[in-house]
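Visitor: The primary structure of each chain is shown beneath.
Number of protein chains: 4
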Amino acid sequence: MSTYTPEDPNFVARVEGSFERQTFMQTLGASMTRVEPGFVSIEMPFQEALTQQHGFLHAGAVASIVDSACGYAALTLMPDDAAVLSVEFKVNMLSPAKGERMVAEGRVKKAGRTLMVCTGDVWAVTGEQRKNVMTMTATMMVVRGRGLKD
Amino acid sequence: MSTYTPEDPNFVARVEGSFERQTFMQTLGASMTRVEPGFVSIEMPFQEALTQQHGFLHAGAVASIVDSACGYAALTLMPDDAAVLSVEFKVNMLSPAKGERMVAEGRVKKAGRTLMVCTGDVWAVTGEQRKNVMTMTATMMVVRGRGLKD
Amino acid sequence: MSTYTPEDPNFVARVEGSFERQTFMQTLGASMTRVEPGFVSIEMPFQEALTQQHGFLHAGAVASIVDSACGYAALTLMPDDAAVLSVEFKVNMLSPAKGERMVAEGRVKKAGRTLMVCTGDVWAVTGEQRKNVMTMTATMMVVRGRGLKD
Amino acid sequence: MSTYTPEDPNFVARVEGSFERQTFMQTLGASMTRVEPGFVSIEMPFQEALTQQHGFLHAGAVASIVDSACGYAALTLMPDDAAVLSVEFKVNMLSPAKGERMVAEGRVKKAGRTLMVCTGDVWAVTGEQRKNVMTMTATMMVVRGRGLKD
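Chains as they are written, first to last, in our numbering: chain A, 8 to 157; chain B, 8 to 157; chain C, 8 to 157; chain D, 8 to 157.
Just so you know, these hints were derived from the structure itself, not from any lab.
Do not take every clue at face value.
When chains are identical, the list treats them as one kind, so a pair holds in a single copy or across two.
[Stated by the list, open to error] List of simulated lysine to any residue pairs, SDA-like, C-alpha gap at most 20 Å: (1) K105 - K116; (2) K117 - S102; (3) K117 - N139; (4) K116 - N139; (5) K105 - V150; (6) K116 - W130; (7) K116 - R137; (8) K138 - V149; (9) K105 - D128; (10) K105 - H61.
The model shown is predicted, which means the values in this text are computed figures rather than measured ones.
Model the full structure from these sequences, guided by the hints.
Guide: Right under this line is the structure:
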C-alpha cells in the first residue's frame, strides 16, 4: 500500500478531537480505535437500537461508521486549517450485518489537493471470527477558508 | 412517472408494520409519512444527537432514511411473502444537511422480479423552504424463501 | 427543473467544439443532438462493433455516451477558461441495451463552484418506442489554470 | 485474498470464448491476458481513437475494460449454463488515463448464488511504471434459464 506523510504532525489529536464532536458517533456507540497516516478504524458494538426489521444492523448505521472512517482517513493527510466533507459514497452490502461488533476501516487510495478518494470495509467481528459485511468507495473534499474547521 | 399496481392489496399496512420494526428509525426519530405504489417518504426532525463535527446532520443519518425510503418503496411492489434487502446504494451530497427536518423520498425506477432499482432524494425543509441535500440510487433485492419476511 | 443561466454566452459553440475533439465519440458513432444550459443529449446508433457477448450494446459503450452527456451538461455552466473532468460516476443498468439507437441525456442537478453533480439517463429508441436502459449519477470537476481547456 | 474453486473446470476456455464474442473489446483493441478463479485481467494499448478532448483515454473506454474484467472474473465462478450481466458499477477516476497501455484487473470480492460483488482497478503502464488511474466496484448477476449463455 501507499505510505503517506501527514502535513500536520499533530494529526492524531486533531482527528480524534473532531471525531469527539461527531455527536452521531456517540449516538451509535462508536469509538475511534486507530488513527494512522491515511488510515482510520472505528468500532461499533451491536445494539438493538441500531437494527432493521430482520434484527440485523441497519445498512445506514453501518455505512455511517465507514463514512466517518473514510473521512477521517482523508483528514489525517490534510493541513491543519482544512475541514473534510463527504462528496459522495457508494456501499455494497456483502453479508447481513450481525455480530458482536462492527469494525470499519477507511483508507486513502488517492490523495489529491482538492479531492481524496477513499476505500472502506466493514468487518463483523464475533470472537475470533471476522466477516466482511460492507465495502465503500468515497470521495472526500478538502475544504479551506469557508469558516469550517474540523 | 411510471404507475405501478401492487401485487399485494394490503401493501400499506405491511410496509408500515415493517418500518415499525426498524428500531434504528426510532433511534433517528424518523417517521413514515407517505406510502404509495412504488413510493415512500420518511421524515426526520433535526436533532443534535445526529450531527457531525460542523453541526450539520451526519451524512450517514441522512443516508439511512433515504435507504429505508427506497427499500420500502420497493417493498410496496413485492408479493406479501417477500422481504427486501439493500444490495447497494450510492449517495451524492448536494448541500449541508441543515434545516428543521429532512424529508426523504424513495421511488422505484425499475421493478424487476429479483432486483429493483430505486432513486431517492432528501430535502431539508425549514418553514416553506425546501432544499435538495442528497440524492441516492439504490439496488434492492426481492428475497423469498430464506426465512426472512418483512 | 432548475433553470440555469450560463456564465459564458458562447457555451453552445464551446461545448460542441470540445465534443468534436472527443475522438472516442466518433469511434462510437455518437453525435451531440442538444445543448442547453445544464443539459446535453448525445445519440449513438446501434452498431455491431459496440456489442457484448449476447448481442446487446456493451454497458461500457452506453456509459461512455452518458458520461460525456453529463460532463458537457456541466461544461455548459462553466466559465470559458474552465475544463471539465469526470471525478466519478455510477450507472445502474435497467434493461438490455438494444434498439435502433441510444439517446443519452445528461442534466446538472447541483452546480457548485468546484464540483457539479449530474444525473443522466439513456433511452433505447426504436421507432416510436423509448425505453430507459441506464441511469447515471456523476460528479464533474471544474478545472481551471492547469493548462487544460475544453 | 479469498481463494475460489470454480464449479466449471472448463472455466478458462468458456470465459475466453465469451470475451471473443464481445465485439466491443475488439473495437477497443483490448485483449484478455489472465483468467484465474475469481480474477481476470484485460489490457488495452493507447489509441488516438479512444481519447477525450484533452488527449487522455476517455473514462468510458477505460471503464469498459474494467467492467468486462469484473464481469468475467464473476463468470469464472459461475456454473457452465449461466450468463453474466452487469447490474451496476461505479468508477472513481484517480489520475488522467495516459500511458502506453491500460491494464484492468477485476476480482470477485463476494460470490453469492444470484449476485457477485467485484472490485476492479485500472493501471496505466508505461515501460516499468504503473499508475492506478481508476477503481471500480460492481455488482454482477448470475443469469440462468433465460436463453442467455455466455
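Visitor: Now, for every hint given, state plainly whether the structure supports it.
Guide: Verification of the hints:
1. Only between protomers do K105 and K116 lie at most 20 Å apart by alpha-carbon distance; the minimum there is 19 Å, versus 28 Å within a single protomer.
2. Proximity of K117 to S102 under the C-alpha cut-off of 20 Å is restricted to the inter-copy arrangement: shortest distance 9 Å between copies versus 27 Å within a copy.
3. Taking identical chains as interchangeable, the C-alpha atoms of K117 and N139 lie at most 20 Å apart only when they sit on different chains, with a minimum of 9 Å there against 23 Å within one chain.
4. In this assembly of identical chains, the alpha carbons of K116 and N139 lie at most 20 Å apart whether taken from the same copy (19 Å) or from different copies (9 Å).
5. Only between protomers do K105 and V150 lie at most 20 Å apart by alpha-carbon distance; the minimum there is 18 Å, versus 36 Å within a single protomer.
6. Taking CA atoms no more than 20 Å apart as the test, K116 paired with W130 passes in both settings, with 19 Å inside one copy and 13 Å between copies.
7. Proximity of K116 and R137 under a CA criterion of 20 Å is satisfied inter-copy only: 15 Å between copies versus 23 Å inside one chain copy.
8. In this assembly of identical chains, the alpha carbons of K138 and V149 never lie at most 20 Å apart, being 32 Å within a copy and 23 Å across copies at closest.
9. In the homo-oligomer, the alpha carbons of K105 and D128 lie at most 20 Å apart inside one protomer (15 Å), although the nearest pairing across protomers, at 28 Å, exceeds that limit.
10. For a Cα distance limit of 20 Å, the shortest separation of K105 from H61 inside one copy, 10 Å, qualifies, whereas the shortest one across copies, 31 Å, does not.
In summary, the structure is inconsistent with hint 8 from the numbered list given earlier, while agreeing with all the others.
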